[in-house]
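So the sequences go chain by chain: S and Y. Residue numbers for the first sequence, in the working numbering: 1 to 318. Residue numbers for the second sequence, in the working numbering: 1 to 260.
Treat the hints as calculated values from the structure; they're not laboratory data. Heads up, the beta-carbon is just placed ideally off N, CA and C, and yes, glycines get one too. Careful, some of the hints might be misleading.
Derived list of chain S stretches under chain Y, where covered just means 3 residues or more per stretch with a C-beta under 8 Å from a C-beta of chain Y [unchecked claim]:
| id | region |
| --- | --- |
| 1 | 83 to 97 |
| 2 | 282 to 292 |
Per the computed footprint, the stretches of chain S lying under chain Y, defined by three or more beta-carbons under 8 Å from a beta-carbon of chain Y, are [as the list claims (entries may be wrong)]:
| id | region |
| --- | --- |
| 3 | 111 to 125 |
| 4 | 302 to 314 |
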Amino acid sequence: MAEVLVLVDHVDGEIKKNTYEMLTAARRIGEPSAVVVGTPGTATKLAEGLAAHGAEKIYVAESDDTVNYLSTPQVDVLAALVERVSPPAVLIPAGADGREVAGRLAVRTNSGWLNDLVDIDGERAGTHSIFGGAFTVQSRATTDTAIVSWRSGSLEVEENAAAGTQETVEVPATDAAKSAKVSNRAPIVGGDRPELTEASVVVAGGRGVGSADNFNVVEGLADSLHAAVGASRAAVDSGYYPNQFQVGQTGKTVSPQLYIALGISGAIQHRAGMQTSKTIVAVNKDPEAPIFEIADFGIVGDLFSVAPQLTEEVGKRA
Amino acid sequence: MNIVVLIKQVPDTWSERKLSDGDKTLDRASSDAVLDEINERAVEEALKIKEAGGAEVTILTAGPDRATDAIRKALSMGADKAVHVNDDAIHGSDAIATAKVLAKAIGTVGDVDLVLAGNEATDGRSGAMAGMLGELLGWPSLTHANELTVENGTAKAKRETDEGTSDLEASLPAVVSVGEKINEPRYPSFKGIMAAKKKPVTTLGIADLGLDASEVGLAGSLVQVDSFAPRPPKSGGQKVEDEGDGGAKIAEFLVGQKLI
Numbered sequence: 001m002a003e004v005l006v007l008v009d010h011v012d013g014e015i016k017k018n019t020y021e022m023l024t025a026a027r028r029i030g031e032p033s034a035v036v037v038g039t040p041g042t043a044t045k046l047a048e049g050l051a052a053h054g055a056e057k058i059y060v061a062e063s064d065d066t067v068n069y070l071s072t073p074q075v076d077v078l079a080a081l082v083e084r085v086s087p088p089a090v091l092i093p094a095g096a097d098g099r100e101v102a103g104r105l106a107v108r109t110n111s112g113w114l115n116d117l118v119d120i121d122g123e124r125a126g127t128h129s130i131f132g133g134a135f136t137v138q139s140r141a142t143t144d145t146a147i148v149s150w151r152s153g154s155l156e157v158e159e160n161a162a163a164g165t166q167e168t169v170e171v172p173a174t175d176a177a178k179s180a181k182v183s184n185r186a187p188i189v190g191g192d193r194p195e196l197t198e199a200s201v202v203v204a205g206g207r208g209v210g211s212a213d214n215f216n217v218v219e220g221l222a223d224s225l226h227a228a229v230g231a232s233r234a235a236v237d238s239g240y241y242p243n244q245f246q247v248g249q250t251g252k253t254v255s256p257q258l259y260i261a262l263g264i265s266g267a268i269q270h271r272a273g274m275q276t277s278k279t280i281v282a283v284n285k286d287p288e289a290p291i292f293e294i295a296d297f298g299i300v301g302d303l304f305s306v307a308p309q310l311t312e313e314v315g316k317r318a
Numbered sequence: 001m002n003i004v005v006l007i008k009q010v011p012d013t014w015s016e017r018k019l020s021d022g023d024k025t026l027d028r029a030s031s032d033a034v035l036d037e038i039n040e041r042a043v044e045e046a047l048k049i050k051e052a053g054g055a056e057v058t059i060l061t062a063g064p065d066r067a068t069d070a071i072r073k074a075l076s077m078g079a080d081k082a083v084h085v086n087d088d089a090i091h092g093s094d095a096i097a098t099a100k101v102l103a104k105a106i107g108t109v110g111d112v113d114l115v116l117a118g119n120e121a122t123d124g125r126s127g128a129m130a131g132m133l134g135e136l137l138g139w140p141s142l143t144h145a146n147e148l149t150v151e152n153g154t155a156k157a158k159r160e161t162d163e164g165t166s167d168l169e170a171s172l173p174a175v176v177s178v179g180e181k182i183n184e185p186r187y188p189s190f191k192g193i194m195a196a197k198k199k200p201v202t203t204l205g206i207a208d209l210g211l212d213a214s215e216v217g218l219a220g221s222l223v224q225v226d227s228f229a230p231r232p233p234k235s236g237g238q239k240v241e242d243e244g245d246g247g248a249k250i251a252e253f254l255v256g257q258k259l260i
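Kindly generate the complete structure, drawing on both the sequences and the hints.
Right under this line is the structure:
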């Protein structure tokens with residue numbers, strides 16, 4: 001069976017869940033081979049988890065250079081493997097770093113790039129959810145290899161014990177004239193709350209929250225539900241909450257099991273980032289707020305009395 | 001210093017966006033078109049470099065006739081001239097085909113030191129144009145820059161993404177994509193708007209770039225769109241007035257849905 005390459009997403013010796021989703025998806029197309037690009041010793045920490053999720057092979061590309069240059073080491077390693085094993089697909093995380101690797105790899109190998117897929121079948125037909133879920137698009141690469149950027153949180157992870165045979169591959173020497181040098185890397189650590197795009201519950205606040213201090217009402221409810229906290233663009237622009245938590249067309253797209261919108265009117269801009277959520281609950285003072293058009297359950301009322309009461313009710317049931 | 005700034009006209013994210021039935025591409029006629037906000041920041045950054053040490057700033061875009069509005073806006077902010085690749089053959093190009101067109105067009109501007117672009121357009125959202133251009137041109141790409149300094153043939157940037165921050169450094173020529181926090185773009189002055197009308201805009205077709213129609217557009221794209229469907233509209237569910245028990249009512253609903 002053909003090898004399908006999966007670029008492992010890892011931070012500080014931990015595998016990100018997205019990698020397991022990609023291994024699960026890769027199994028539909030062929031035999032998953034995980035590709036670990038990192039500093040010496042990285043693969044040892046990750047091997048067990050990769051094998052438990054279907055990686056028949058693990059290509060180990062380790063060198064100190066992998067953290068000293070921006071995206072080039074990943075592109076170089078994957079390009080060499082594409083040449084060698086002619087995979088029907090290469091799956092890469094769809095974050096900022098991953099998309100850069102994917103776009104460059106597609107150019108380098110002259111392969112079709114399926115960006116931001118939420119699903120793919122055994123025939124390599126990909127599904128995108130675009131314009132914030134307003135449209136579902138089916139597409140495929142017309143080339144022998146498809147470069148796929150995979151949107152995190154799109155698929156149930158399946159465990160599947162596999163061999164996980166490790167093979168060391170070379171990290172080609174980086175051409176410094178063609179690459180940006182990286183220093184002072186500092187990954188953003190999410191704290192105790194789940195990551196916004198991976199959370200199964202999201203509690204978000206909008207302009208109606210009124211101030212940065214008041215966001216503790218949103219956070220309180222989020223913590224009772226083990227949820228991630230989101231914010232509308234209006235709230236972010238007003239300085240109530242940091243930019244990286246923005247949900248909407250110009251922010252993150254989320255699709256959790258439950259989305260609770262507090263004081264969010266529901267402009268298209270915001271709906272585009274959350275309307276594919278399975279269940280939507282909204283609290284807003286304005287009975288005409290457009291958010292109610294897509295909410296499964298809505299309360300017309302003051303979020304400062306409704307949200308704390310809900311937090312208490314959830315606490316009672318915990 | 002010779003700087004090229006890439007700009008793109010996109011559908012306004014505050015309006016509804018659609019795809020066209022025929023060739024499954026973005027229906028650009030159905031929504032308001034605006035200069036993508038992030039591009040204004042790229043233009044601003046180029047103008048800052050120009051003001052600090054002298055530079056010629058060329059605006060580059062690939063798009064239909066109406067993209068001239070976006071070009072004029074960038075020129076009215078203070079850019080010197082523009083190149084507009086306008087050819088029906090480009091319609092439907094995927095990200096890679098677009099990158100090929102832009103790379104060739106950059107080649108027409110002369111010895112370019114720096115290419116500036118937004119880090120991600122609000123419509124296509126591939127977020128990788130700078131990286132792809134760097135790959136095609138054989139130049140380093142410094143992406144998601146929230147601070148940029150260019151001196152002595154070197155570009156230094158502070159990079160910030162959702163994944164983390166880092167410092168970047170590369171020799172020129174280079175491609176830089178800017179993030180939302182890099183600056184606050186200026187508003188065009190009345191004088192700037194008047195001056196923009198006289199600034200040169202070179203219009204090029206793909207033949208001028210030495211490209212064949214089979215390399216661009218739907219024909220040259222390595223990805224084919226099979227079908228698309230609007231998502232079934234979600235209808236509102238229950239809406240109740242809070243009578244002091246709103247929180248409890250939501251809790252009941254969530255229990256009913258087995259969500260808590």
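Quick rundown of the hints versus the structure:
1. 83 to 97: holds (count 3)
2. 282 to 292: holds (count 3)
3. 111 to 125: This one holds; 7 residues, not fewer than the three required, reach chain Y with a Cβ under 8 Å.
4. 302 to 314: holds (count 11)
Violated hints: none; the structure is consistent with every hint.
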